[in-house]
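Produce the entire structure from the sequences given, and follow the hints as far as they go.
There are 2 protein chains.
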Amino acid sequence: MLSTIRIVLVQTFHPGNIGATARAMKTMGLTNLVLVNPRCFPDEEATRLAAGATDVLESAQVVASLEEAVSDCVQVVGASARLRSLPLPHFDEPDEMAQSVIQNAHQAPVALVFGRERSGLTNDEIRCCTHQVSIPANPDYGILNLSQAVQILAYEVHRAWRKQAESGFTYQRPLDATPPSREQFGHFQAHLGRLMQQSGFLTQPHARTEEQLQALFSRAQPSRKELSLLRGLLSAFEAHLPDK
Amino acid sequence: MLSTIRIVLVQTFHPGNIGATARAMKTMGLTNLVLVNPRCFPDEEATRLAAGATDVLESAQVVASLEEAVSDCVQVVGASARLRSLPLPHFDEPDEMAQSVIQNAHQAPVALVFGRERSGLTNDEIRCCTHQVSIPANPDYGILNLSQAVQILAYEVHRAWRKQAESGFTYQRPLDATPPSREQFGHFQAHLGRLMQQSGFLTQPHARTEEQLQALFSRAQPSRKELSLLRGLLSAFEAHLPDK
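Respectively, the protein sequence lines represent chains D and Y. Quick note on numbering: the first sequence equals residues 13 to 256 in this note's numbering. Quick note on numbering: the second sequence equals residues 13 to 256 in this note's numbering.
Hints are computed from structural coordinates only; laboratory data are not their basis. Careful: at least some of the hints might be erroneous.
Computed far set for chain Y versus chain D, every beta-carbon distance over 12 Å [claimed, not checked]:
no.: 1; residue: THR16
no.: 2; residue: ALA76
no.: 3; residue: GLY198
no.: 4; residue: LEU228
no.: 5; residue: PRO254
Quick list of the computed label-pair ranges, beta carbon to beta carbon [claimed, not checked]:
no.: 6; chain 1: Y; residue 1: SER235; chain 2: D; residue 2: GLU108; range: 18 to 24 Å
no.: 7; chain 1: D; residue 1: THR134; chain 2: Y; residue 2: SER230; range: 29 to 35 Å
no.: 8; chain 1: D; residue 1: LEU225; chain 2: Y; residue 2: PRO54; range: 45 to 51 Å
Keep in mind it's a predicted model, so treat the numbers as computed, not measured. Built from N, CA and C at the ideal position, the CB exists for glycine as well.
Next up, the structure:
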């Protein structure tokens with residue numbers, strides 16, 4: 013489904029932005045890039061900034077007009093730094109846009125369109141769009157670099173995609189450290205409690221102090237291994253305490 | 013509150029990444045940049061890529077170690093491409109991280125720490141952190157450019173901030189086109205219905221067809237002005253219809 017999502021760049025001036033866009037796309041699982049009348053492409057600078065995403069550059073299509081780039085799309089979202097007066101449906105939040113795009117992308121191609129670095133999209137190009145989206149930003153300085161805007165919207169699309177049950181996306185996890193059983197944890201608490209008294213730390217047997225320290229260790233959720241290390245530490249202290 | 017959030021870059025190799033980071037920060041309202049032992053700074057390339065955010069570069073602090081950069085912070089989130097085996101509390105999702113950071117930033121400095129382009133953070137540097145976060149990405153190619161990672165996490169922090177009632181953030185809106193009153197809309201519907209019959213389009217008076225087309229115009233939510241244009245169009249057609 014991410015394969016039906018097309019990133020369209022219109023008349024990009026800096027080839028470096030094309031390369032950085034390709035990289036931003038690939039990190040978010042997007043591979044379908046279309047360039048409308050780029051100033052300089054192919055270009056060494058694009059290749060350099062694409063890093064490991066040169067395959068996205070190589071498969072990019074170059075066309076002469078935006079109409080050509082999106083004619084088969086069922087949804088065309090124009091990204092702009094500020095709202096235009098043409099009242100297209102507008103997404104205030106990129107995450108709302110992404111949910112809509114992911115829904116439509118099940119069925120047919122969908123495009124996210126980005127304009128020129130300085131002047132964005134023309135009114136004629138906005139007319140090719142079905143929706144607009146802006147990235148909420150600092151009102152005093154809200155113009156993101158082109159490839160950064162692509163990165164954010166691609167990230168939101170990826171996020172909407174992975175939140176779907178059928179995406180099968182799994183988080184990278186380190187090998188899960190097994191938690192201890194309640195019995196093992198109980199042994200630790202008993203050991204700790206005993207040493208709190210034996211060491212002279214607890215002068216009053218029913219002080220809240222013991223509860224608070226026990227709560228700290230509970231909250232830390234030690235793994236089985238960590239608990240075993242703690243027990244070892246307690247035993248090392250214990251060896252120096254007077255017998256009771 | 014965004015001012016208590018610090019972006020820390022550790023031993024950045026490419027000065028361009030420092031500049032692009034400054035720009036990414038400023039678009040998201042962050043201004044507090046600390047550089048730990050950058051390879052090349054200040055540098056023309058940093059200034060060039062900072063675009064309108066050179067003020068962030070100028071106020072950046074340069075320090076010799078990560079400990080120095082974060083010693084007064086109450087929360088230090090290390091951004092890494094993959095989880096380390098050191099079991100720090102980990103945010104699977106940047107938005108969860110951002111909510112936590114925004115909460116803590118009310119009270120005291122909080123840092124987001126980014127490592128070297130190639131090797132990330134060392135284990136000693138991870139030990140300076142209280143949390144880790146990764147940006148979920150393409151498992152086949154998940155290493156974002158450093159400044160792109162900053163852009164995404166800064167965007168999420170800004171998002172968590174603006175969702176708070178007290179942020180006072182308002183979306184840019186074009187001048188609101190006034191909606192028509194129900195009476196005005198009713199006149200339009202009556203006009204349209206009349207012409208559907210007069211033109212011979214509706215052959216059966218109670219067909220669902222009229223409902224469906226009326227529903228389309230309702231859904232379009234025409235402004236007062238647009239409704240007036242539609243009425244004008246209907247009148248232009250009407251002038252050519254046989255009198256009834």
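Here is how each hint holds up against the structure:
1. THR16: 16 Å, holds
2. ALA76: 30 Å, holds
3. GLY198: Non-interface label stands for GLY198(Y): nearest chain D Cβ at 22 Å, farther than 12 Å.
4. LEU228: 14 Å, holds
5. PRO254: Nearest chain D Cβ is 36 Å from PRO254(Y), so the label holds.
6. SER235(Y) to GLU108(D): 18 to 24 Å: 22 Å, holds
7. THR134(D) to SER230(Y): 29 to 35 Å: Since the Cβ atoms of THR134(D) and SER230(Y) sit about 31 Å apart, the hinted range of 29 to 35 Å holds.
8. LEU225(D) to PRO54(Y): 45 to 51 Å: 50 Å, holds
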